[in-house]
Every structure is written in C-alpha cells, then in structure tokens.
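Peer 1: Each chain is listed here by its residues.
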Amino acid sequence: MLALQLAVTGLQTGALYALTAVGFSLIFGSTRIFHFAHGATFAIAAYFFYFVFQAGFGTVPAILGASAGAIAFGLLIYWLVYVPVQRHEGSFFTVFVASFGVGIAVQNLLGMVFGRGFVTVNTSLSRSSEILPGLYVAPLAWVAIACAIVFLGALHLFLRHTHTGMALRALSDNPELVRIFGLSPQRISAIVFVIGSVLVVPAAIITSATTGLNPAIGHHVMLISLAASIVGGIGSVYGTLLAGLILGLAESMALLFVASQWTEAVTFAILFAFILIRPSGLLGRATAH
Amino acid sequence: MLAKSKIILTASILAATTASAEDYTVGALFPLSGANAIYGEIFMAGADLAVEHINADGMVSGTVSIAYEDSQALPQPAMVGMTKLVNVTGVPYTLSAFTGVSKAISTLGQRNQVVVVNGGGVGPDLAELGEYFWNVIPLANLEVRALVPYAVSELALPNVALVYVDDPLGQAMEAELEAVLPEVGGELVGSYSVPTTAQQFSGIAAQIRSSDADLVYIASYGNQQVQIVKQLRDNGVDAQFASYSGYTVNDALELPESEGMLVTSQSVDFGSDNPMTQRFVEGFREKYDQEPTAYNVNYYNATMLFGILAEALEADGTEVTGETLLAKRREMESFDLVGGTVSFQDNGTLLFPIEVKRIEGGATTTISSVSFE
Amino acid sequence: MEAYIFNLLNLIAIYGILAVSLNFIIGYAGIYSLAHAVFFGLGAYTSAWVGLNVTPSTFVTIPAAMLVAAIVSLVLALPALRVRGEYFVAASLGLQVIAVTVFSEWKSFTGGIGGVLAIPPVNLFGAEIYQPREFAIVSVIALLIVIAITLALVRSSFGRNLRAIRDSESAAASFGKNVPLIKTVAVVISAALAAVAGALYASFISFINVESFMLDTSVLLMAMVIIGGTGTFLGPLVGAALLLILPSAISYLSFLPQTEIGALQQIIYGLGMTLLMIFRPGGIVGRRSGT
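The listed protein sequences correspond, in order, to chains A, B and C.
All residue numbers for the first sequence refer to the UniProt record's numbering, where the first residue is 1 and numbers rise by one.
All residue numbers for the second sequence refer to the UniProt record's numbering, where the first residue is 1 and numbers rise by one.
All residue numbers for the third sequence refer to the UniProt record's numbering, where the first residue is 1 and numbers rise by one.
Just chain A, with the same shape it has in the complex:
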C-alpha cells in the first residue's frame, strides 16, 4: 500500500514537473534560448496568485493575476534581455548568464516584497481524504493531473494543427522557413515565451496550496525542468512530458529504498547518466553537439 501511495504522490508531483518542464523545453527547443529564469517565472506566478488571493479577490482574479504576471515577465525578459544579448552574437553561455542573473534578482526582489518566510494559500482542496484503505489523495492531485492533460493536450493541438504552431516547430530548424511563411521569427519567439510562461501557471498555483512557497522555490523548479528537458530530449515536448512524470515518480518511489536526503541525488544521477550515455534523451532526435 505504501508503494501505491508513493506512486500516486509521485504522479501528482510528476504532472507538475511535466507542465513546468515542457514550458522550458518548448522555449529552449524552438528559440535555443537557455531560459534559466524559467524558475523565476514560476515564482512570480505563484506569488502573484498568493497576493491576489490573500487580498480577498477570489480564485479567478488570482489565476488571472498569476497568468498576467507570468506572461508579462516572459515577454519582458525576452524583449529586454534576450533580444539585446542575441543582437551581438549571443553564445549560449552569454544568454545563460544573463538569464541566471535575472533569476537571482527576481528571487531576492520577491523576498524583499513578500518576505523570506514560508507562505501558503489555505484551501481545503489540499486536504487528503482516504479513497481506498490507506490510500490518501487530495482533490488538488486530481486538479494537477487534469491540468496536465488539458494544457498539454491543448499544446499538442496547437503545435499540430495551427499555422503558428507549425511555424513554431520550424523555428529551431530553419528560421528562414518561418520568414517564407510570412511570419517574423521574433514574433514567433515572443509567442513561444507566452506559451512557455503560461504553462508554469497551473503548477505554480497548485504548489502554492500544497507545498507552500518561499522566494527560492524557482531554483528547485528550474533544476527539475532542466533535468526533465534533457532526459526527455531537448526540443521533444513529448519526451519532456514523459521525463517529468518519470522524475516525479522516481523522486517519490525512491523513498522505498533510500532516505529522503538522497532523492534529489537520484534525480540528478539519472540526469548525469543520460548525458553520458544518451545525450539525445528519451525521445530526442538529434544528438548533442
């Protein structure tokens, strides 16, 4: 029963990991921008939700506030940081350092504004109930899984069946092709940032009610997203989704064999092994360069 419980818990965590990681993977896969501040987007969305919700405006305005915060941050960092950095050459490392710097600044700004302590959104939805003898599941677990299905399903439809979606997929391989379609690569990139940023919102909101928030939360989210993107195969949305679920399950199920302080090491040992043995990831096409 313990194993089943841990599997269910792992699935919930994995669904959230998948949502955030797919956002990162989509951005990185199509624009080649190593968006390390993706964790900051997560933290901003979560704190915006918390702020609006605590102020008493209710859930829907809070979700809108979180989405607006995430989208605004995604677009701002794209226009104000990545575009200027890429204007002169922009090796991956330059982009990475710029992004990392923004992440540090955001984390500390959030700490100054909202306090460095732990905050949490109080809702009865995070309370588990016993659905089978010894198996406890919180309503938010279903919400997490439903969000993952809805958002990633919508993403799938968008990528496969819309003009913009197809142009987006072409962006990384051949920006010229995008121009031939009559679209501007910069415009497409901006759209990618909006989509990638929106994908973290459900995970950020659910996390604010389940594990709670602190300003450093983006850090962990980013490390997991990075690990899932690489294990899944950079640029492969489906691989990342699968990897997110696997990492969530591995983190939870590892408790059957090791003490909890080793679970993070398990995640990163998986990552390290993939980079050594199969850098292209689970479903990646091209090998690493």
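A hint or two may mislead.
[To be verified] EDC-like, lysine to aspartate or glutamate: derived pairs with alpha carbons at most 20 Å apart: (1) K328/B <-> E22/B; (2) K287/B <-> E314/B; (3) K328/B <-> E314/B; (4) K107/C <-> D125/B; (5) K107/C <-> E128/B; (6) K107/C <-> E174/B; (7) K328/B <-> D316/B; (8) K328/B <-> D23/B; (9) K328/B <-> D125/B.
Hints listed in this document are in silico derivations from the structure and should not be mistaken for laboratory results.
No experiment lies behind these values; they were computed from the predicted model shown.
Fit chains B and C to the given chain A structure using the hints.
Peer 2: For chains B and C alone, coordinates are given in the frame of chain A:
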C-alpha cells in the same frame, strides 16, 4: 622623536587610568544584516540592558561596553568578525548565537583563551566545544527529556515517529529520543531524516501513516518545520504532533495546522519576586516598551555573568582575562541571574526548567513544567 | 581595522585562486563548469582530514588535497568529452547537486552540516600561521604561484591547443590534436588548483561545513569570472575582489534597513551579470565582445 614621545605619554596616561578604573569591552557576534538580522536585534536588546545595569551599579571600576560584529548567522562572516574581536579589539569574553556560528568561532576562542557564551543556539553538541565555550540556554536534548515522558505517560502516546532535519540539531534529537523512549516505555516506530533544503514531505507523510505512530516529533527549524507540519496534516497524518522551542515562532504558531501541537521551551517565571528578575522585567518594559522573551533573558544573563565575574576578579585584584574568568566561574559555582539562582554543569551549560506547552489559537498555553538536577 | 583588511585580503586571495582556476577552463577551454565549488570543497575536506589525522604540515595537506580533487575531477571530465554547451552545464549542475548530498551525508569524512572543527592552521616547517597578517603572505604567494602556473600553461603550446579546441573541436581534431586528452588535463589542472584554495580556506577559517561548497558558491565563482572578464588575466581577480568588497561597501549605505543588505547585494550582482551580458559580454576587463 616628537611622535615617539607622544606615544609614550599616551601610554603612560593609559597605564595611570587602568590602575584605578578599568574599562572592559565585551565582544558580540550577532546577525546584524541578512535574513536573520531580526534575531540580532532581539539579542542586542537583552545585552544592552545588562550593560546599562552593570554600569549604573558600578559593578566594575570602569565601564563595560559591547563591541558588536555582524555574523550574518553564517560561519564565514562570523570568523572574520571573531578574528577582529580577538586580535584587534582584544576582548576576553564574547557573546555568540546560532549553532553553526558558535561552532565555527569556538576554535578561535579556545586557541586564544577567549570565553564564548551562547544564548541562542540549542544544538546539543554545543555542550562539547571545550572549556571556553559556555551555554546560558538549555540545549534541545533537555527539551526532549521534558516532553517525551509527559507524552508517553500522561497522554498515553507510546509510539513515536520522528521527522528530523539532517544536521547536528536533528541528529542529536534522534539520539536523545532513542535513549529516552525505552526508559519511559515508549518506542521509536519510525525515524525520517530530511535534508535542510527539502520542501516536499508528502512521501514522508505516507511513510509515517504506515508506521502507525501516535506521536510525531518534528525537529527542524525556519520555513521547513512549518512546511513539514502543513504537509503531514494535508496528507492524512492525524497523530498528535510535538516539537521543541524552535517551533515557538510566530510563523509556526499562526499556521492553522499547528493547532493542538505540543511544544517545549525554556521556563522563565517573569512574575517571580527574585529582585534580579523584577529589575530585568521592569527595565525591559521601560526601555523597549514590550514584553521580554527568553532570548532577551539569555543575553541579559550572558552579559550580567561577565559583570559578576569581573566584579569578583577585581575584588581579588586579579586581571580580567578569558583564563581568569573561566577559573572564577568554576570557583563561584552558582549565580543569581534572571530566572533564579542557577549553576553550570561541568560541560559549561546552564540548567533551566523546561515547560511543556500546547498551541491553542496561535498562542501557547503551559500545561506542565519540568525541572532538572 | 588592520586585521579586518588582512582578513578581506586573505579571502580575496583564496577566492582569487578559485576564480583564476575556473577561468582556466571557462575562458581558455570553453568548459563552462557550474561544479567548481565541488573541488574547492574536496580540497578543504581532504586537507582538513589529513591535517587532523596524519600531519598538519602544509607540504603534505596541499598535495593531498590536489591529488584527491584531480582524481575526482575525472568524473567531470567524462561529460566534458561527450557533450558541449548547455549539456555540459547541466551535467556539471548534476555533479554539484550530487556532491552536496555526498558532502552532507558522508559524515565520517565531512561532518555533514555540522562540519569539521578545529582544523590545524597552515604549518610551514613546524611554524603555525594563523594570524591574518602572516596568513596574508601565504595566501598571496599561493595566488601568485597559481597565476604563474596558469599563465605559463596558457602561453605554452598546451594553451594554444586548448584555444583551438574551444574555437572548433573538429578542426583541432583534424589537425591531429588529441582532443580528449587535452580537455581532460585542463579539467584536472583546474580542479587541483581549486583544491589549493580549499586547503588554504580550511586552515585559515579552521571550520568548514557543506554550506561553503554548495551551488551558490559555484554560481558566485562563475559570476566572479564573468563579471571580471572570461579569458583575461586580470578579470577573475577583479571579479573576486569586487564581489567580496561589495557586501561591506553596501553596508555603508546607512539609509538601508540592515535586514535588506544581503538581498540587495544579491540583486546587484544578479542584475550586474545581466547588464554586463547585454552591454559588455566580455566582462569589465575583457576587450573582446564575448567568447
């Protein structure tokens, strides 16, 4: 030549004044900036009040003052500050706080015969940092010894699960629980360590549920302890919760999930008619316009202890150094401080009574008090 | 005041060694490691262990620290041979996270979070050196030696090969260069030099715990190299000095609440990194734009 004679002149003036009145500087390594700076202010409030009282009473021939250095509650800045206090300011006695900081600077204290006094950290291994390291705060192992017998015998909760942070504090708590539980007829049915940075505890909750514990003891601090309590409750753990004095902070007390938890803390009877206690409580209210806490008391006591020892040394005509302060403390044995007459154990740690409390509506209510000999 | 300045000087020298050795692989070999704190830590733990259990002589503790770091660095060299760019950054991040877990859990060697206490001071021919002023001589000389070693390497044929690999691995290979060997040697040298800093740090502070060797430290070191200027001789030193003096400089701004100083310092160096990448990707000292 002129400059040189000037130096000799000042030196002789200094020598002349020291013969009649000696001014003393005591060091203090508190977090004055960074996330823990709030603690620094609390500690300073107690220490500053003691300095006022020592000087007002003329306990020593000259005056006592405190040289504050910023530790940021981190080992490295603390070492920089301690080096300055030892080598430049030349203090014989230093106040310290936080387990990591205290451990880091204890080597320098021992090497240079400077007394280091802790009134904030409760890691039980602070009792083992050498003869120049003293604690004026009861360490967390005493708190376990107060709470566990109460929970097992009075509340009939024999099966205990422990969630502890994997650091010296948590490890010592685990060792203490393993030692105490069999003595009182309880059993440690599960023991789960978490890294200091962990935020996800739903998996641990599942493990605790399957351990059938009646009492879950949580030994962590800061944000983490609050997250542990909330997530355990969220994930269907309905056993009685318990923790130590680290949990008696507002963040934790205000959490709805904390309702009904047992906690322990150092017992200070502010209503006592002991004159030292009354003067402290009145002086504190007057100076800061708020009620004192145990931390204020500890640093008041730590500073007052220096005053008492220096006064006694001056009466003997002995120079005040770290070495003589240590010898004097051993000679005097017991001291009148806030909270009553107290004495040091051989390992340089003060014994205080411990209170067992219950969290009700965001505050604590005392339900039992335990004294130690 | 004097001891304070010498203290700062010691820290700048120690972090200077770390920044110079990190710059050696970032700036000249194109190996962007976010795991440098691992080798700093290995050096510190090893020298502390040797100092406490074998002999306090610095002529033994430092070589032992270098040896252990050099051997473990082969684990970092492996992904460096397989992948480049983002993948290597991710691999080094993974190594850093795993190392922190090992540092926290291998308590017989590292003391976990509790750390290692009473580490013996630098011991040269039986003379103990722990006063900041005397120690500054030792640390600055160590820094100069490390700079001399890296400069000599960079200017040798080895250094030319490194830069050739950085600019184009396939071209270097087609010229008959033994690319895997050259990259491995670069990583090993960098790790061994970082271990020197670790050994000095442990004996100077006399207390170490895992908190000094976490990802934050790796990031700080990377920031020192980037802000100073990658692939330059003075850059890492300027970066190290700047980021270590910054906290004390900010604390002079008395209108700020004391509790916000730490956060403000982080914001300044975070935004500093971003702005430099936008306007001057070569760093403060760097003349070229980017690497």
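Peer 1: Confirm or reject each hint.
Peer 2: Evaluated hints:
1. Pair hint K328/B plus E22/B holds up; C-alpha atoms about 18 Å apart against a cutoff of 20 Å.
2. At most 20 Å may separate the alpha-carbon atoms for a hinted pair to count; K287/B and E314/B exceed this at roughly 29 Å.
3. Distance hint between K328/B and E314/B is fulfilled; the C-alpha atoms sit about 11 Å from each other, no more than 20 Å.
4. As the CA atoms of K107/C and D125/B are separated by approximately 15 Å, the hinted pair is consistent with the 20 Å bound.
5. Between K107/C and E128/B the alpha-carbon distance is near 18 Å, which keeps this suggested pair within the 20 Å criterion.
6. A threshold of 20 Å between alpha carbons decides the hint, and for K107/C with E174/B the separation of about 15 Å falls inside it, so the pair holds.
7. Distance check on the hinted pair: K328/B and D316/B sit about 10 Å apart at the alpha-carbon level, within 20 Å; holds.
8. Simply put, K328/B and D23/B have alpha-carbon atoms about 19 Å apart, close enough for the 20 Å limit, and the pair holds.
9. Using a Cα cut-off of 20 Å, the hinted pair K328/B and D125/B is violated, with the two alpha carbons roughly 24 Å apart.
In this structure, the hints that do not hold are numbers 2 and 9, in rising order.
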